[in-house]
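Chains as they are written, first to last, in this note's numbering: chain A, 18 to 376; chain B, 18 to 376.
Hints in this document: simulated from the structure, not taken from any laboratory. Misleading hints may appear alongside valid ones.
Below, computed lysine-lysine pairings styled on DSS-like, alpha-carbon distance capped at 30 Å [unchecked claim]:
no.	chain 1	residue 1	chain 2	residue 2
1	B	Lys119	A	Lys119
2	A	Lys108	A	Lys290
3	B	Lys347	B	Lys207
4	A	Lys108	B	Lys311
5	B	Lys108	B	Lys290
6	A	Lys290	B	Lys119
7	B	Lys108	A	Lys311
8	B	Lys347	B	Lys200
9	A	Lys119	B	Lys108
10	B	Lys119	A	Lys108
11	B	Lys311	A	Lys200
12	B	Lys232	B	Lys200
13	A	Lys347	A	Lys119
14	A	Lys222	B	Lys200
15	A	Lys222	B	Lys222
16	B	Lys222	B	Lys232
17	B	Lys232	A	Lys119
18	B	Lys290	A	Lys311
19	A	Lys108	A	Lys347
20	A	Lys290	B	Lys108
Derived coverage of chain B by chain A (criterion: at least 3 residues anywhere in the stretch with Cβ under 8 Å from a Cβ of chain A; other residues may be distant) [stated by the list, open to error]:
no.	region
21	38 to 45
22	120 to 131
23	164 to 171
24	323 to 329
The structure displayed is predicted, hence computed values, not measured ones. Every residue gets a Cβ at the ideal spot worked out from N, C-alpha and C, and that includes glycine.
2 protein chains.
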Amino acid sequence: MIDYQHLFDFVRRVFIAMGCPESDAELAANVLVSADLRGIDSHGVARLSGYVRLMDHGRLNPRPDIRVVHETPSTAVIDGDAGLGLVVAPKAMQVAIEKAEKAGTGWVAVRNSNHFGIAGYHASLALPHDMVGWAMTHAGPLVTPTFSKERLLGTNPICVVMPADQEPPFVLDMATTTAAYGKLEILQRKNLDTPTGWVQDAEGKPSTDANAVRKGGALLPLGGDRAHGSHKGYGLGAMVDLFCGVLSGANYGPWVPPFATAGFMSAEEGVGKGTGHFLGAMRVDAFRPASEFKQNMDTWIRRFRSAEGIDGQSVLIPGDPEREMEQIRKQEGIPLLGPVENDLRQLGDRFGVPFPEEN
Amino acid sequence: MIDYQHLFDFVRRVFIAMGCPESDAELAANVLVSADLRGIDSHGVARLSGYVRLMDHGRLNPRPDIRVVHETPSTAVIDGDAGLGLVVAPKAMQVAIEKAEKAGTGWVAVRNSNHFGIAGYHASLALPHDMVGWAMTHAGPLVTPTFSKERLLGTNPICVVMPADQEPPFVLDMATTTAAYGKLEILQRKNLDTPTGWVQDAEGKPSTDANAVRKGGALLPLGGDRAHGSHKGYGLGAMVDLFCGVLSGANYGPWVPPFATAGFMSAEEGVGKGTGHFLGAMRVDAFRPASEFKQNMDTWIRRFRSAEGIDGQSVLIPGDPEREMEQIRKQEGIPLLGPVENDLRQLGDRFGVPFPEEN
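Isolated chain A (complex conformation) (with noise of 0.2 Å):
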């Protein structure tokens, strides 16, 4: 277990020897642990020697100019100039932050980022001003559309943040898929099968084997297959796709850059300019008054996790599992894999950096 401000502390100095600036370096570090914490471990530390590898390869700026290269009342895009997600989507945030409190909504198009970690550290800024946040991100393709033995989308999360009273905000931030690619890792490890409904083979059939993805076939899409619904997950991971791609300028569908495998993909080759976002904000008092509807917030919340349950089970509240997670992993540490730390220790080596000691 390492304590998770020893972390962050690594994670900063590490972005610095990269070359970030410090306020850049700190923010970085903080949504990166920000997902250790919550437990969305395949998206925090574990990732850092991806954006490592991203700037080895002339694929990720350092020290991006960040600007606004389009706007009207309530929207914007944004070019992230090739920085780290990590610090591109909360600046995007924070300019449909800015919209919010004038026109009432603000909306973000991002185009040239890369990957912007958890949905849910980005959408979650807009609850300190009674906003209610909206945060999606494409990636490279991993993910067949109903029917298709080609992989054509990302994992493609949405989130939408809400603010209650005395409860806990809503926030629901799930991946477009049937199961996030971290829960094929577990398996793996375990040398498990998965449940049906997560994975095809390369042909398109349907496969309960980990390893499939690896393998050249697929996650599928929520819904799993056709009478499932997978036509609807497909849908949602294809509107996400549209918002962060399309809309903004960026690449889109099969053409989105893969996070940092091998064989990265060039700018020429794409149809736009490189990872894209979408995020927004939303001042409840544009709709009601804050307290009435926060104290509804509560209402709605208390029902439902007063649901009578199956089997002795609660009915939980999206944002429930994670932040528990948080609660024991700031008492308790953050355990890493072994290669995990491996990658970790490389990385303070090559930069000087001492990786933090056990708890």
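Keeping the supplied structure of chain A fixed, place chain B upon it in accordance with the hints.
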């Protein structure tokens, strides 16, 4: 088969006989028959007698004073004055479009409305303006959250539409359940079981009984169960409820009034005003020149259509099945089930409107 224009005229005249102004009756008839044309029979003229029952029970105001009760440059809240959702929603969408003309985007939360027909009709009003359209509505509780025995959500659809250039638009219009209730009714008539993951029984156990909902069971959120991602379908359905109910000041969760079944709730029993909707319009050129956007949409659509399919199948673009059905039914007429036709004939008798002849 009934010619769709004859059916439209019949419905229009029934709405007039119910006391609706002529222009409202025309609009409402257009929304209803558009569902039949697109093959969404459960939301078309089969519902007409339901609207009449709403009126008979004093829940529907045929001459509503539809008012904007709060607004900012990019938002509005509309009180539907217990009018037909079929009329309130397109008028609210018009407000969203006007907001978007000036502010870039427009977002309208509606309360004190009723069932609005198909979401795709309302969202698609944005398309001729080169805007992205959004429409969501909640509905009476038929759906259990993950781990719950209690029905707390409706089938709560999400619709997002985007214009293309030479290609038809992207029209995602989906219930947030694995299957819509209309699909259960088809299986009931054929005496067939459902696939897994569509319904559970009154005890919360997985079921394949197409009559499970009638027996106290429930429709399941998209995903079916936790292992297959039902927490995501539940989260999406919850999000729709929060936008349509809590942000608008309508009822929410289990308090959303049922469409037109026995045991109507009176307003006093609720936690807000009537049923709610949420509509949005986003000017494409608030982000990018519309011509560039629409050409990229064409590229996206063609790339997905040309993907290598499984077993000779083709990848569909959201909206394709409904477009195809509309072409057929405009030519061949609209098939009505016996009970639906009987229902309509009775309405015709009551209101003195002759039912159209078969083709």
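Hint-by-hint comparison with the structure:
| no. | hint | verdict |
| --- | --- | --- |
| 1 | B:Lys119 to A:Lys119 | 13 Å, holds |
| 2 | A:Lys108 to A:Lys290 | 18 Å, holds |
| 3 | B:Lys347 to B:Lys207 | 27 Å, holds |
| 4 | A:Lys108 to B:Lys311 | 28 Å, holds |
| 5 | B:Lys108 to B:Lys290 | 18 Å, holds |
| 6 | A:Lys290 to B:Lys119 | 28 Å, holds |
| 7 | B:Lys108 to A:Lys311 | 28 Å, holds |
| 8 | B:Lys347 to B:Lys200 | 23 Å, holds |
| 9 | A:Lys119 to B:Lys108 | 25 Å, holds |
| 10 | B:Lys119 to A:Lys108 | 25 Å, holds |
| 11 | B:Lys311 to A:Lys200 | 36 Å, violated |
| 12 | B:Lys232 to B:Lys200 | 17 Å, holds |
| 13 | A:Lys347 to A:Lys119 | 37 Å, violated |
| 14 | A:Lys222 to B:Lys200 | 25 Å, holds |
| 15 | A:Lys222 to B:Lys222 | 29 Å, holds |
| 16 | B:Lys222 to B:Lys232 | 13 Å, holds |
| 17 | B:Lys232 to A:Lys119 | 51 Å, violated |
| 18 | B:Lys290 to A:Lys311 | 17 Å, holds |
| 19 | A:Lys108 to A:Lys347 | 26 Å, holds |
| 20 | A:Lys290 to B:Lys108 | 38 Å, violated |
| 21 | 38 to 45 | violated (count 0) |
| 22 | 120 to 131 | holds (count 5) |
| 23 | 164 to 171 | holds (count 5) |
| 24 | 323 to 329 | holds (count 5) |
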